[in-house]
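Since the structure of chain U is provided, determine the placement of chain S on it from the hints.
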Amino acid sequence: MLFNSLHFLAFFPIVIIAYFIIPQKFRWILLLAASYYFYMCWKVDYIILILISTLIDYLCSNKMSKIESKAKRKKWLYLSLISNLGILFGFKYFNFFSENIQLIFNQYNILYEVPFFNALLPVGISFYTFQTLSYTIDVYNNKTQAQKHLGVFAVYVSFFPQLVAGPIERSNHLLPQFFEKHEFSYSRVKSGLQKMLWGFYKKIVIADNLAILVDGVYNNIDNYSGIALIVATIFFTFQIYCDFSGYSDIAIGSARVMGFELRENFKRPYFSKSIQEFWQRWHITLSSWFKDYLYIPLGGNRVIKWKWYYNIIITFLLSGLWHGANWTFIIWGGLHGSYLILAIIFKTRKNNISEKIKSFSPILNRLLDVSITFILVAFAWIFFRANNLTDALYVLNNIMPELSEYSNFGTQFRGIGLYLNDILKCLLLIILLIGFSTYERSGNVWNKLQKKSKLIRWVLYYFLIYGLLFLAPHSTINNFIYFQF
Amino acid sequence: MILKDIKKLIIKLCILISPILIWIFILIQIDPFNYFNYSNIISKETEYKTARKLNSILYNTLSFKILQLKIL
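Top line first, the protein sequences correspond to chains U and S. The opening residue of the first sequence carries number 1 in our numbering; numbering runs sequentially from there. The opening residue of the second sequence carries number 1 in our numbering; numbering runs sequentially from there.
The shape of chain U in the complex, shown without the other chains (with noise of 0.2 Å):
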C-alpha cells in the first residue's frame, strides 16, 4: 500500500480509531494485523519473508539472552545474520552478482550458463533486514534485553508506518514503546497530522513535479544535452529529498498520531557544510546504522591513517550497494567515500583559505561551503539517477552547456510536454522548500507557527490542501524512490 494512495485515505483512519478504541493490551494485535495487510496489498507472498525473519530473530535473540559467554553465543548471531543476509542477497544481489559472473566468462569464452533467479524485489527488504539485524547485533553485545513477547516482536519487525522505507529504527528506541499505553491526545493528534500533511505535499506536488521533467530527461538521455543535463540532474537533487524525506515525515506523523516516536531522518541535508555534516543530516537512520554496525567495528578512525581511509571506502561502498544491485549505487557510494577521503587529507589547507575568507566575510564562507557541497552531492547523485553506467558516462560527457542552449532554454523539454511555464512552476516549488527548510533553521516550524496567529496556520492548512488537490500532476500514483531499496 502507498501512502499516496486513496487506499491509505481510508486504512489509517480505521486503524487509528481501531487503535484509540481497543485496549492497551491487544493493541498489538491490531498493529499487526494492519502492518501485515499493509505489506500485503503489494505482494501476499513475501509476507512469509518477514515471518521467516521475525521467527529467526526471535528464535536466535533468545537463544543468545539464555547463554553467558560470549564465545557460545555467536553461533547464533552467525546464524541470524546469514538467514537475514542470505534472503537478502537472494532476493536483491544474487542475480547482479550472476550477471558480473557471466560477463567474466564471456570474456574469457567460457561456456557456461550462470543461473539467474526471477523473482521481484521484496518491498522494503533492506529496511527490515537492518531493524532486524540491528536487534540481534544489539542482543548479542548486551546492549539491548532480548523480547520474550513474540507479538510485539514481530510489530517491531513489521510496524506499518515505516516497514517499507524507513526510518531504521533501533530496538531499544521502539521496542518499549509498544509496552507503553498511548492515551489519545489532542496535541499530539495534531502534531502527527501536520508533519503528514508537509510530508504528503513534499512527496505529491513537489517531487512528483520534479519527477516529470528528470524522467523525461533520464530516461531518454541521448535527446538531452548540457543544460537540460544540469537542470534534471538539479530537479532530481530536489526530488529525491522531497521524495524520501516526504515519505519519512509521513511515516514520523503517522506513528505519531498514535503516540509512537520515530527517529528524524533528515535535518535540512542541503544547507550542510561538509560531505561529513551531510552525512550526519541525510538519511540519518542508515548512516548511523553503517557507523554503528560497520565502520566502528572495522576500527572507524582509532587506526592507522590508510585503514581509516579503508573503512571509509568500505562503509560507502556497501552504503551504494545497500540502495541497489547496481554499479551507479556502488560508484555513488564510493564517490561519497572518495568526497571524505579526499576532505581529511585537505583539512588543513581547506581550513586555511577558509579562514581568509571567513575574516573577509562570514556569510560569504558559509555560502561558498554549502554551495560547494551541494555541487558536490549533486554531480554524485547522476550516478544514482542514470539507469545504467552508460548513462551516466553520456550525462558526464555533455553536461558541459553550450551558449547557443540558453537561447531556446523554453523549448528544450518540449518533448516531455513541458513548457517554460511548468519549468517555472518546479522552480516556485523549490524556492518554496528552500523557504520552509530556511524557516525550520531554528526550530520545528509547526511549533514556531503555535505561537503565531490562527490564522496563519489555516492559512498555510489550506496552501498545502490547495496544492494536493491542484498541483499534484494528473498522472498515476508515483512510486516512492527509496520502495526499490
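Source of the hints: derived by calculation from the structure; they are not laboratory data. It is possible that part of the hints are untrue.
[What the hints assert, rightly or not] Here are some, though not all, of the chain S residues that point toward chain U, as calculated from beta-carbon distances under 7 Å:
1) 2
2) 5
3) 8
4) 9
5) 11
None of these values were measured; they are calculated from a predicted model. Even for Gly, the Cβ is constructed at its ideal location relative to N, Cα and C.
Frame of chain U, contents of chain S only:
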C-alpha cells in the same frame, strides 16, 4: 479530558474539510463538463458554451460516453 480532545479534533477536522466539501458540492452541481450527468441547474446550452472554451475534447468525449450508455 480524552473525550474533550476527541471532540476538539473532530470539530477542527470538520471545519478544515468543510470548504473542500462545499467546493465538491458546487462542482457536482455546476458539473461544467457534464461528467456526473446529474444536475440540471445550468442549462445544457450554457454548459456546452463554457466547456467548449475550456476543453471541448473532454466535453465531447463525455457526451459521447453518455450517449453511448443511453443507446446501450
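> Should the hint that residue 5 of chain S touches chain U count as held when the rule is a Cβ pair under 7 Å?
Replying inline: Status holds, d = 4 Å.
> Any CB of chain U closer than 7 Å to the CB of residue 11 of chain S?
Replying inline: Where the cut-off is 7 Å and the nearest Cβ of chain U is about 11 Å from residue 11 of chain S, the hint is violated.
> Given residue 9 of chain S was flagged as interface, is its beta-carbon under 7 Å from a beta-carbon of chain U?
Replying inline: Nearest chain U Cβ about 6 Å off; hint holds.
> Is the interface hint for residue 8 of chain S satisfied, with its Cβ closer than 7 Å to some Cβ of chain U?
Replying inline: holds, 5 Å
> Is the interface hint for residue 2 of chain S satisfied, with its Cβ closer than 7 Å to some Cβ of chain U?
Replying inline: Constraint on residue 2 of chain S satisfied, holds at 5 Å.
The structure fails to meet hint 5 from the earlier list, while all remaining hints are met.
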